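Those sequence lines, one after another, are chains D and A.
Letter by letter, the first sequence follows residues 1 to 754 in the numbering used here.
Letter by letter, the second sequence follows residues 1 to 154 in the numbering used here.
Any given hint might turn out to be false.
Stated by the list, open to error - Label pairs and their in silico Cβ distance ranges:
#1 Leu13(D) - Thr110(A): 51 to 59 Å
#2 Thr337(D) - Ile36(A): 41 to 49 Å
#3 Gln14(A) - Asp377(D): 23 to 31 Å
#4 Gln14(A) - Arg414(D): 52 to 60 Å
#5 Gly517(D) - Arg78(A): 46 to 54 Å
#6 Gly517(D) - Gly91(A): 41 to 49 Å
#7 Leu345(D) - Gly91(A): 43 to 51 Å
#8 Thr337(D) - Gly91(A): 52 to 60 Å
#9 Lys98(D) - Gly91(A): 52 to 60 Å
What the hints assert, rightly or not - Partial list, derived from the structure: chain D residues whose beta carbon lies under 10 Å from chain A:
#10 Ser604
#11 Pro641
#12 Leu645
#13 Leu651
#14 Glu704
#15 Lys708
#16 Gly711
#17 Val714
#18 Arg718
#19 Gly719
#20 Arg730
Quick caveat, the hints were computed from the structure, so don't treat them as lab data.
Predicted, not measured: the structure shown is a model, and the values here were computed from it.
Using N, Cα and C, we set each Cβ at its ideal position, and we do this for glycine too.
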Amino acid sequence: MNDDMSQYLGVFLDEANEQMELLERDILVLEQQPSMELLQGIFRAAHTLKGSSRAMGFTTMGELTHAMEDVFDKLRHGEITVSGELINALFDGLDALKEMKDQVAASGSTTLDAARQTARLRASLEAMPAAAPAAPPVATAPAKRSRASGAPRTKKKASSAAAAPPAGPSTPVSGGTTILTATAQMSLQEAIAANYSIFCLTVQIAHDCVMKSVRALMVLQALEHIGSILATTPGEEELENEEFAFAFEVVFASQKDAETIRGRVCHITEIVDALVVPWAQTSDLDTPVPQLKLETIPAMSDTGSEPAAGLETAHAREAEEATKSTGSRTGSAQAQTVRVDVARLDKLLNLVGELVIDRTRIAQLGSQLERAMQSNDVLESLNETSAHIGRITDELQEEIMKARMLPIDNVFNRFPRMVRDLAQKLGKEINFEIEGKETELDRSVIEVIGDPLIHMLRNSVDHGIETPEEREQTGKPRAGLVSLRARHEENHIVLEIEDDGKGMNPETLRASAIKKGILTPEAAARMSDREAINLIFGSGFSMAKTVSEVSGRGVGMDIVRSNLQKLGATIDIESKWGHGSTFTVKLPLTLAIIRGLLVRVNGSVYALPLVSVVETLRIEPEEVHVVNHREVIVQRGRTLPIVRLRDVFHLADAAVCASGVESKAAARGEGRRRKAKPSLYLVVVGAAEKQVGLVVDTLIGEQEVVIKALGKFVGDIRGISGATILGDGRVALIVDINGIITIAVEEKGRAYAA
Amino acid sequence: MAAAVLEVAEREEQLVAFHLANEIYGVDISAINEIIRLREITQIPRANPDIEGVINLRGKIVPILDLRRRLGLPAAERTGVNRIIVVENGGCTVGLVVDGVTGVLRIADTSIEPPSKLICSLHEAYIRGVGKVGDKLVILLNMDFVLKVDLSEL
Chain D
1 MNDDMSQYLG VFLDEANEQM ELLERDILVL EQQPSMELLQ GIFRAAHTLK
51 GSSRAMGFTT MGELTHAMED VFDKLRHGEI TVSGELINAL FDGLDALKEM
101 KDQVAASGST TLDAARQTAR LRASLEAMPA AAPAAPPVAT APAKRSRASG
151 APRTKKKASS AAAAPPAGPS TPVSGGTTIL TATAQMSLQE AIAANYSIFC
201 LTVQIAHDCV MKSVRALMVL QALEHIGSIL ATTPGEEELE NEEFAFAFEV
251 VFASQKDAET IRGRVCHITE IVDALVVPWA QTSDLDTPVP QLKLETIPAM
301 SDTGSEPAAG LETAHAREAE EATKSTGSRT GSAQAQTVRV DVARLDKLLN
351 LVGELVIDRT RIAQLGSQLE RAMQSNDVLE SLNETSAHIG RITDELQEEI
401 MKARMLPIDN VFNRFPRMVR DLAQKLGKEI NFEIEGKETE LDRSVIEVIG
451 DPLIHMLRNS VDHGIETPEE REQTGKPRAG LVSLRARHEE NHIVLEIEDD
501 GKGMNPETLR ASAIKKGILT PEAAARMSDR EAINLIFGSG FSMAKTVSEV
551 SGRGVGMDIV RSNLQKLGAT IDIESKWGHG STFTVKLPLT LAIIRGLLVR
601 VNGSVYALPL VSVVETLRIE PEEVHVVNHR EVIVQRGRTL PIVRLRDVFH
651 LADAAVCASG VESKAAARGE GRRRKAKPSL YLVVVGAAEK QVGLVVDTLI
701 GEQEVVIKAL GKFVGDIRGI SGATILGDGR VALIVDINGI ITIAVEEKGR
751 AYAA
Chain A
1 MAAAVLEVAE REEQLVAFHL ANEIYGVDIS AINEIIRLRE ITQIPRANPD
51 IEGVINLRGK IVPILDLRRR LGLPAAERTG VNRIIVVENG GCTVGLVVDG
101 VTGVLRIADT SIEPPSKLIC SLHEAYIRGV GKVGDKLVIL LNMDFVLKVD
151 LSEL
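Chain D on its own, in the form it takes in the complex:
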């Protein structure tokens, strides 16, 4: 790559990424339900990728995409059909492309040799029995793509050919230029002269349609009533022989308007949709004509490479321009968006964070002034201004948060492929469904949620779903169902992974927990089924091989959970033995700002992430019982362990070496606690299946807090996940609920042992 090109590298990589994602997604769909529309999209993506790779000088990428493009081209012309081997070959190629792209991203060039993948794709083309004659007789069809094998890019489509005025008699040369027959061209001219409008119709037939040809003929008949058909793609003969996917195109002259024509066509049973576009508009930049613009791509390369006489017309050039602009998205759409460096967005969010803090500070100063001074005009307008700043800051924060949002599809898009490959490897049949992929969340979350999800999906496929044979024996359909769902719920994103596999048996889980020495038989017996199922999150359960026969799951679920908890997410699981399992993950919208419950312990303010807070209680000291050396309370019939934050944080000790102010406050706190034995404030927090009550001195309230790191000098502190700045400028620490629970468990354990 020369230096001139390097400046385009970023753009190239961005685009390549997009195209490859699209390819991966659509090839998967293609395997299940091929459609013309889909193929057009895939073809276009491959074509764009080929073009840009070549332009950047990455010839191996260009060659490989070229081979893929050829496959898609044959597919969309119904010359070959989709097969498992073909899809695998395509994925093989796509993987190589990705690898090359990554190399390019890392080093600016790629050394990978994709000859094997390219050859495999080519071979799959050769091996396929042609579903349609390689060179259909041109004369019999009014308009048809005739094409010489091995030269897939060199062809014209009826619509683009029709778009070119019949200036000169183009002959169906061996290059494979499809044209209107001389008669059709005559009719076209006559039609234009007679003030007819020329339309290009793209007709979609329902996928479950049994007699496609009948529907196609009905469409043609209906059209004959209101105008005259100039050409069809594929030709009428192929239409009759059902040699097309689920869409075909008609070039049509009529005096009716597009809506009427569409109405007539759509009226026919099993016709899903009909896109009616005046052909003149094919050269119109502003009209989004998805079907046509893809089709004009090959036309463009044709006119570029082999300027056939009579085709180099103004119209052809216009069409070319149209394709160029549509190839890189329409000009107007581009102007509406700006690519922004992520670091800049992060900076903006930080700045807004500062503003949020200062806003609160100003409001507090205002009310302090109000208390200290007589109410006056200046004070009043200060408070007004402060309130206004508050509103603006809120809005600003919201907008910047939105700007950082990405649809979760950015993570989800790689899963269908993964599930497919995994299922194939394991010999399972799986239908994978995704819902709510448009759900948006902050990119900080997007970046980190992928791995835990992959793990959970693998689990569902590997251990949840049974083999087709097992499923048949239990009366289930052969193919298992795995669904991944995302949705908004108040201030959270909820992700669900559900399978209809064998589920988990609480009994076997109990038994293996006892066997592994994690639980005593008594403790296991006391456990509810729900608790037993949650055992899979325990670290002792992480080894699958030994338990997978009986328990099914457990591969690294402890890691999944701890990773999720680091994000402030909670995970829950529901499972019915024999009927499948559902994992529910509740994620914060962003990792930068959270809602926190502010509490005071020993004079200092701490923020508890609200996502973990279940409820707050006020209990009397007498309600605390000691069971098994642990403090618990009985609440609504269940025992809830309680943890004193003061103890976990060693606050009594720490106060000794603290600054004067702090130790005095600490001493006061101590005194109060000892003297009056007042009621305890309990914040019930839930980390995964575990719930504990945290004892705090006072509850302050709920507030949005901006998370700040303590920095590498302080390092990782167990039980503290970060800090935030309060409205009065003081620093409050954010409590890591899981850390606290772990510490409490360990330290009680030690105390018990000692």
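Given the coordinates of chain D, assemble chain A onto it according to the supplied hints.
For chain A alone, kept in the frame of chain D given last:
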């Protein structure tokens, strides 16, 4: 003439001098971001005991090190004279609590001597050298070591 001035300038260090347990210490002025009054410090439970806590410095969370404690000197009551010296080292911003700041000192290279156990009781690694200003000794701190979080290798 000009060359001579340059030479002198090169061989001079500018230090911020501060008190700590009746001795004068110096830190290279270029390492210091600012000097602020003592303010409320939020303790971090379970952190390294030398880290007294964190403060909010214009929206930034800055950890505070009790320099007496870090250098193994006896603790003392905090007063209004105490200051926090905010230094930047290795990408970290850290505040050091000192007894009080004296001012800026210029000290000639030639009057700086390597650390010696005879002069002070501090661990050698903390000290870059000892300088003489008039009849007073200034202990020059080696910030890299003072701010090393993990001191176990010393």
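Exercise for review: With a cut-off of 10 Å on the beta carbons, see whether Glu704(D) makes it to chain A.
Suggested key: Given a least distance of 15 Å, the restraint on Glu704(D) is violated.
Practice item. Just tell me: holds or violated, for the beta carbon distance of Lys98(D) and Gly91(A) against 52 to 60 Å? Key: 35 Å, violated
Check your understanding: Is the interface hint for Ser604(D) satisfied, with its Cβ closer than 10 Å to some Cβ of chain A?
Key -> With a minimum Cβ separation of about 6 Å from chain A (threshold 10 Å), the hint on Ser604(D) holds.
**Study point:** Satisfaction of the hinted span 52 to 60 Å by the C-beta atoms belonging to Gln14(A) and Arg414(D)
**Key:** Holds - the Cβ-Cβ distance for Gln14(A) and Arg414(D), about 57 Å, lies within 52 to 60 Å.
Review point. Against chain A, with CB atoms and a cut of 10 Å, does the hint on Gly711(D) hold up?
Key: 6 Å, holds
Check your understanding: Taking the closest Cβ pair, is Arg718(D) under 10 Å from chain A?
Key -> 6 Å, holds
Check your understanding: Was the hint right that Lys708(D) lines chain A, CB cutoff 10 Å?
Key -> 5 Å, holds
**Study point:** Gly91(A) and Thr337(D) - C-beta distance against the hinted 52 to 60 Å
**Key:** Violated, at about 35 Å.
Check your understanding: Was the hint right that Arg730(D) lines chain A, CB cutoff 10 Å?
Key -> 6 Å, holds
Point to revise | Evaluation of the interface hint that places Leu645(D) against chain A, nearest CB under 10 Å | key: 9 Å, holds
Practice item. With a cut-off of 10 Å on the beta carbons, see whether Gly719(D) makes it to chain A. Key: 6 Å, holds
Point to revise | 51 to 59 Å as the expected CB spacing between Thr110(A) and Leu13(D), which holds or is violated | key: With a Cβ separation near 58 Å, Leu13(D) and Thr110(A) satisfy 51 to 59 Å, so the hint holds.
In the structure shown, a violation is registered for the earlier hints numbered 3, 7, 8, 9, 11 and 14, in ascending order.
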